[in-house]
Amino acid sequence: MKIAVCVSHVPDTATRIKIAADQKSIDPAGVSFVLNPYDEYAVEEALKTKEKFGGEVVVLSVGGDRVKETIRKSLAMGVDEGVHLKTDEALDSFAIAQALADEIKSLGSELVFMGKQSVDYDSGMVGQLTAELLSFNSISVCVTFNLDGNTITAEREIEGGKEIVETSLPCIITAQKGLNEPRYASLKGIMAAKKKVIQEKPVASTPALVENLQLKMPTAKNPGRILGTDSSAVPELVKLLHEEAKVI
Amino acid sequence: MSDELKNNHGLKGGEFLTKETDPVNVFTPEDISEDQKMMADTAKDFIEKEIWTKLDAIDNQEPGLTVKLMEQAGELGLLGASVPEEYGGIGGDFNTNTVLAMEMGKSHSFGVSFAAHTGIGTLPILYYGTKEQKDKYLPKLASGEMKSAYCLTEPTSGSDALAAKTTAVLSDDGKYYILNGQKMWITNGGFADILITFAQVEGDKFTSFIIPTDTPGFTRGEEEHKLGIKGSSTRALFLDNVKVPVENVLGEIGKGHYIAFNVLNVGRFKLGAMVTGGAKKYLSVAINYANERKQFGKPISSFGAIKYKLAEMASKIFVSEAATLRTSGLINDLEEKLISEGTSYSDALIKAAEEYAIESSIMKVFGSEILDYVVDEVVQVHGGYGYSEEYPAARGYRDSRINRIFEGTNEINRLLVVDMLVKRSMKGRLDLLGPAMAIQKELMSIPEFGNEPEGVLAKELKAVQNAKKAILMIAGSAVQKFMMKLAEQQEIIMCVTDMVIEAYACESAILRTQKLAKLKGEDAVALHIAMTQVYVSDAIERIALHGKHAVTAFAEADELKMLNLGLKRFTKLDPINTTKLRRQIADELIEANEYKL
Chain A
4 MKIAVCVSHV PDTATRIKIA ADQKSIDPAG VSFVLNPYDE YAVEEALKTK EKFGGEVVVL
64 SVGGDRVKET IRKSLAMGVD EGVHLKTDEA LDSFAIAQAL ADEIKSLGSE LVFMGKQSVD
124 YDSGMVGQLT AELLSFNSIS VCVTFNLDGN TITAEREIEG GKEIVETSLP CIITAQKGLN
184 EPRYASLKGI MAAKKKVIQE KPVASTPALV ENLQLKMPTA KNPGRILGTD SSAVPELVKL
244 LHEEAKVI
Chain B
56 MSDELKNNHG LKGGEFLTKE TDPVNVFTPE DISEDQKMMA DTAKDFIEKE IWTKLDAIDN
116 QEPGLTVKLM EQAGELGLLG ASVPEEYGGI GGDFNTNTVL AMEMGKSHSF GVSFAAHTGI
176 GTLPILYYGT KEQKDKYLPK LASGEMKSAY CLTEPTSGSD ALAAKTTAVL SDDGKYYILN
236 GQKMWITNGG FADILITFAQ VEGDKFTSFI IPTDTPGFTR GEEEHKLGIK GSSTRALFLD
296 NVKVPVENVL GEIGKGHYIA FNVLNVGRFK LGAMVTGGAK KYLSVAINYA NERKQFGKPI
356 SSFGAIKYKL AEMASKIFVS EAATLRTSGL INDLEEKLIS EGTSYSDALI KAAEEYAIES
416 SIMKVFGSEI LDYVVDEVVQ VHGGYGYSEE YPAARGYRDS RINRIFEGTN EINRLLVVDM
476 LVKRSMKGRL DLLGPAMAIQ KELMSIPEFG NEPEGVLAKE LKAVQNAKKA ILMIAGSAVQ
536 KFMMKLAEQQ EIIMCVTDMV IEAYACESAI LRTQKLAKLK GEDAVALHIA MTQVYVSDAI
596 ERIALHGKHA VTAFAEADEL KMLNLGLKRF TKLDPINTTK LRRQIADELI EANEYKL
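As given, the protein sequences belong to chains A and B, one line each in that order.
Residue 241 in my numbering sits at position 238 of the first sequence, with consecutive numbering throughout.
Residue 625 in my numbering sits at position 570 of the second sequence, with consecutive numbering throughout.
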């Protein structure tokens, strides 16, 4: 079984980011990039599945040369080989899904893991788009995953609870926090990763369906205010919630 | 050693005092490779997830916890980073181990257990063990299956380590040594499976032994109640007719001091690296708090008094990291060179560490004193909360203090710096006499009033070159005056070493910044330049002060006058507006909300 895992290289959530001069991207200077945290769960689940059933795990990532770092991190965690789908353009979710789908097809992989979203642009669409392009089944936001023959059972998070669903291969699973505890890249794994192959393939051009017009920093939140400590503050609170916050 | 170093980019140990270094040849944080960074990230993830979440439990010495964490670190390969692959380790080079040590330095008590095991607990076997000893112990030490402790200190012998009283007597059949004695302050003493121990054979043949702790006659004392690093196990250990096979002698009979001291050379350097990492972490804690904490309606980070502290900490850390990695690069390059010339792995490690023992002592002293400065200011930035166990500042404060004491007190290390310089000069291993004579001549001539030097930090570099002349001038005069009795003048030695430390630190920071400026352009390194200038500007003043203390202690009349004039001439640097620079540095730290260089 060839298991594919798709990862993205994203700014560390702890870093403060700045918008670049073009107003459409972030300024990468001084930003540390990491393997997308949700993709770490995907890598872990792919490795666990391989350990249970055998086979091989291939990691795919779309982007510029920088994403090789994240591919190598996945290799260090234990993934067998890497494919770098190279492009220097900022692709929209559809174009990324198309690139991944093409490669998954040529790999002949029937089980694909990826994070439920990447924490940079947070579109949360790539998993489902890829599945649709490949006519694969898909289960999103999974917190458990179980494979038995051809049958997949998974729990997924829904508003206020969990849903248990069943489907069959071929399938794309998108990972939610809680699916597993990702392993560390051991020092031996890091040494071994040096000898593993990363194939580089150009991404075929796909016209963008979504255009990024502008990025804006969120407006700073006002600090909380204490209006009083007993019921006498209620009228003022109601007034402010109505007139200032406009929530009631 | 000089032939061995012919093709080495770096200078010989101690040679920085008389020669200049091309910035291109210096290893800097900016040269850390992707693999090294990835390994450091593994250490960082491990510490954040497994250690920082359990700091209280570790400090309370929850039974079995540190042992379990050590084993986990072993699984990740962290314990075997310097052990060759053939013995189950990673075989990482010296720089890789430095980068890892800087991360592990952020792990409080656990870092102490880790360092004792991987450094002084493992390296003696790696350096001096027989093939059988290496096969038997190294794989288990690298995996964490076996934990190690290093037993040098005794109740009546600390700094004077060779005066140890523990005895080892050969059995009548010649198959065993029987050891009797007591060891003190043994890190990992509570759980170590093997001890690297030192004892006197036939009265005065100082010798090292590997003792398995399941040997009858071995007992452990109670845990010591300590000021800090409460989570590391520290005990007295007792040897009462402990019988170990002769195969457990490590190295040669009577050559134990080579093992003890060569291992300490590496240990001192590593300690310097660890404390530098710890200081980086604590500075970020302070920046973060200063940004969060509001008084008088604004974050306290917006006040000049706090900005001063943040910038001062950052500058010191920047310098300390530059000097740490510069030293690491020197040792690393020599090690690789010796190996490529056919020296065995173990011998190359020993020789390279010995060559740069002066720099390693410098880094031990410098790094540990900077960490102490930083944790003190971190508490101060926190105000009352800095005194509360609810915040991390208090733990950082108490855990830092030991670093100025163990691995040779900072006083012993200061004495060693001058002692090694003088000895190497006398043996002809290091030419200090020639340059010192040249300075005497220069003093008699009229000072040059040439053009001001130009380029990134050129004025600062010139000032440091001059400061080195001041050191040679004073040290040269002191040696002439006291000759073999210089060792009795400890106050003067302390002053000279402090000057040497400052010069090495300043030069390292300048080289780091110049290297990066060449690579990225001057504009990209404005922060680096500011931190270097702030540090050097004050350091030159400190060098002048130490120099004044030294010369007034031994010189009189005309000689004093001449030395004072020379000191003035060699410690000149035009004043700059360091307040403005500190604000600039602090503003960048505040904006980033961390120290991220």
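Hints listed in this document are in silico derivations from the structure and should not be mistaken for laboratory results.
Since the structure is predicted, the reported quantities are computational estimates derived from the model, not experimental observations.
Every residue gets a Cβ at the ideal spot worked out from N, C-alpha and C, and that includes glycine.
Take the hints with a grain of salt, since some may be wrong.
Unchecked claim - Mimicking BS3-like on lysine-lysine, the simulated pairs with C-alpha atoms at most 27 Å apart in a straight line are: (1) 224(A) - 310(B); (2) 651(B) - 21(A); (3) 92(B) - 21(A); (4) 21(A) - 635(B); (5) 195(B) - 349(B).
Unchecked claim - Every beta carbon over 12 Å from chain A, so not counted as near; a handful from chain B, in silico: (6) 96; (7) 444; (8) 484; (9) 538.
Any of the earlier hints contradicted here, and which numbers?
Failing hints, ascending: 1, 5 and 6.
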